[in-house]
Amino acid sequence: MADTNSNSKKTLKQITFKALKATVKAVLFYTIYLVLWMFLAPISEVIPGLQQTVEAFVMVYVVLIILGELTSGTVFQYFFNAAKALFVICYLIFSLSGGIFGVTFQNLNLIVDLRVLLTIAILLSLLGFAKSLLQAVNYMNERAEGTRI
Amino acid sequence: MRIPIRMIGLATTFFWIFLIVFSASALYSIKDLKLDFGEPQMVATSDNKLLFSLPITIANNGYYSIEFFNVTTGILDEEGLMIARGSTFIPTIEKDENVTVAHNMTIDVNDLLQSHQKYLFNDTELRIHETLGMRIAEFIPIQASTNISLPWGAPLYGFTLGEIEYTPYNRTHLSVVVPVTFENHAFFDLTGNIQMLMYNSSDLLLDEGQTVIEALQDSAYDGYVELYVPRAGMTESGRFEVYFLTPLFNYGPLVIPYG
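In order, the protein sequences belong to chains A and B. So in my numbering the end of the first sequence lands on 149, straight run, no missing numbers. So in my numbering the end of the second sequence lands on 259, straight run, no missing numbers.
Incorrect hints may have been included.
Just a sample of chain A residues kept apart from chain B, beta carbon distances all over 10 Å, derived [as the list claims (entries may be wrong)]:
#1 Ile15
#2 Thr16
#3 Leu28
#4 Lys131
#5 Asn141
Selected chain A positions facing chain B (Cβ under 7 Å, derived; list incomplete) [as the list claims (entries may be wrong)]:
#6 Met38
#7 Phe39
#8 Ile111
#9 Val112
#10 Thr119
#11 Ile120
#12 Leu133
#13 Leu134
#14 Thr147
Everything labelled a hint here was simulated from the structure, so no lab data went into it. Backbone N, C-alpha and C define an ideal beta-carbon position, used for all residues, glycine too.
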């Protein structure tokens, strides 16, 4: 009975800690977004819908951060991390129209070629994806070794 | 395996931070790029062409240098055919540097009016395609383009020959006075000569005469050409062939029937 109580207390403590960690990470990420947005705000006047697009990205990313943290200590954490990396790749490709970003403002057509930056971002995301896979493999490996011992 | 994974994580985080800060600052520095277009000037060159000159001042107050800055202007007619094209290129504009360049474009009015008569007599519109391109922060090429319409004022707008006056000059010849009127709607002053040839219905040249024209920009011209034609050659109908000879363009013959 005492063991069960102690276990449930421990689990509750773990969940609270995970939730706290997830909140801190989400708040930190949102703060970074707010700081960066101060720089990008003048551009949003020229590009309609930029804020909504960026906010949608931030929301999904924050959700994935929270899910990743809540599932930490399980293999699902790495799945969510991998999903995060894949989401970044897909989001960047679709939102930047393959790197050639075009905006029409009144009679002015503006084209920004972001292919180099997009390529670097995709490579970094792929690196993040590979890291998540390696972490998952490592986690399963360590678990298998623990079971054997 | 944990250490290599952590190293990958650290390297990825470092590069992400670098990439985000670099991209944001590069895009933000566009805000500090100031472009000023001065008063456009139009001058006639020694080879009788019109030189369109637009001073452009670029103040790069951003965080990065600008490379391959170019401005291209294309003047197109209503059908989209290129009439004139001018380009200005600056290889590098360092940060905190102010550069002023003249964006020049030469328009051969003679060529334009020979191939497009309507520009001589009718007010119309020209299409201007303006393209501005540059590369900021070494990595990000940017191009802005726009289409604008430019009203074209005809130098010989509403060119007409008035009521012809025939008066006896002597026993064999008649004095023929042909009134000439038009309005100069062009952006340049028009000076030169109008040469007029009078033919009868049998294509016989009766006489030729000329008059000096001087029509300032946005002003009307009202003059006449006097001819002395033989009474014997006169017919009820015929034609005038009109030639325009100016420093900027020569045009003719403009055939106008009479009678």
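Do the numbers back the hint for Thr119 (chain A), that is, is its least Cβ distance to chain B under 7 Å?
Since the shortest Cβ distance to chain B is 10 Å, the answer is violated.
When the least beta-carbon distance from Leu134 (chain A) to chain B is tested against 7 Å, hint result
Constraint on Leu134 (chain A) satisfied, holds at 5 Å.
Should the hint that Thr147 (chain A) touches chain B count as held when the rule is a Cβ pair under 7 Å?
18 Å, violated
Under the criterion of a CB-CB separation shorter than 7 Å, is Leu133 (chain A) in contact with chain B as hinted?
10 Å, violated
Tell me if Ile111 (chain A) is really an interface residue toward chain B, meaning its C-beta lies closer than 7 Å to one of theirs.
5 Å, holds
Cβ separation check - Ile15 (chain A) to all of chain B, threshold 10 Å
25 Å, holds
Please verify that the nearest CB of chain B lies beyond 10 Å from Lys131 (chain A)'s CB.
5 Å, violated
Could you check if Met38 (chain A) really has its C-beta closer than 7 Å to a C-beta on chain B?
9 Å, violated
According to the definition I'm using, a residue is off the interface if its beta carbon is farther than 10 Å from all beta carbons of the partner; does Asn141 (chain A) meet that for chain B?
Not fine: 8 Å to the nearest Cβ puts Asn141 (chain A) too close to chain B.
Non-interface label on Thr16 (chain A), tested against every C-beta of chain B at 10 Å:
25 Å, holds
At a threshold of 7 Å, is the proposed contact between Ile120 (chain A) and chain B supported by beta-carbon distances?
6 Å, holds
Taking 10 Å as the cut and beta carbons as the points, is Leu28 (chain A) off the interface with chain B?
Holds: least Cβ distance 13 Å, greater than 10 Å.
Hint compliance for this structure: hints 4, 5, 6, 10, 12, 14 are broken, all remaining hints hold.
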